[in-house]
Amino acid sequence: MKASIKLKDPNKIIRRKPMTCTSKDREEFAKQIELLNMSVIKPSLSRHSSPAFFSGKRSCKKKGVKKRMVVNYEDLNKETIDDGYFLLGVA
0 MKASIKLKDP NKIIRRKPMT CTSKDREEFA KQIELLNMSV IKPSLSRHSS
50 PAFFSGKRSC KKKGVKKRMV VNYEDLNKET IDDGYFLLGV A
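Numbering follows numbering that gives the first Met the number 0, in which position 85 of the sequence shown is assigned residue number 84; successive positions increment by one, without gaps.
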């Protein structure tokens, strides 16, 4: 899927520092990088950067529960022009 983001100021670059992470989070990031190396996912070509972190279900304390990667686009969203269209099928 290809998409573009229109900013209020097209010359502004949104960059936010990475968040601190635990050693377990570093292991999860290593798995994501392995997916990149296997060409399962593609690198971003965006000039913007937002911090990522991992989240698991709070109610589930079982061993082996997979965490999911979350990207905090809060700063980018503040600078985005709403185009009124929804991305269907994106969860």
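Quick caveat, the hints were computed from the structure, so don't treat them as lab data. Quick reminder that beta carbons are idealized off the backbone N, C-alpha and C, glycines included. One thing to keep in mind: the hints can contain errors.
Okay, derived cross-link-like pairs now, DMTMM-like style, lysine to aspartate or glutamate, Cα gap no bigger than 20 angstroms in a straight line [said to hold, decoys possible]:
#1 16 <-> 82
#2 1 <-> 82
#3 77 <-> 8
For each label pair, taking beta carbons as the anchor points, the in silico distance ranges come out as [stated by the list, open to error]:
#4 2 <-> 68: 31 to 41 angstroms
#5 47 <-> 67: 16 to 26 angstroms
#6 71 <-> 2: 29 to 39 angstroms
#7 41 <-> 5: 16 to 26 angstroms
#8 55 <-> 10: 31 to 41 angstroms
#9 9 <-> 37: 32 to 42 angstroms
#10 36 <-> 81: 29 to 39 angstroms
#11 50 <-> 80: 15 to 25 angstroms
#12 8 <-> 43: 14 to 24 angstroms
#13 8 <-> 30: 27 to 37 angstroms
Hints that the structure is at odds with (numbers, increasing): Hints 1, 4 and 6 not satisfied by this model.
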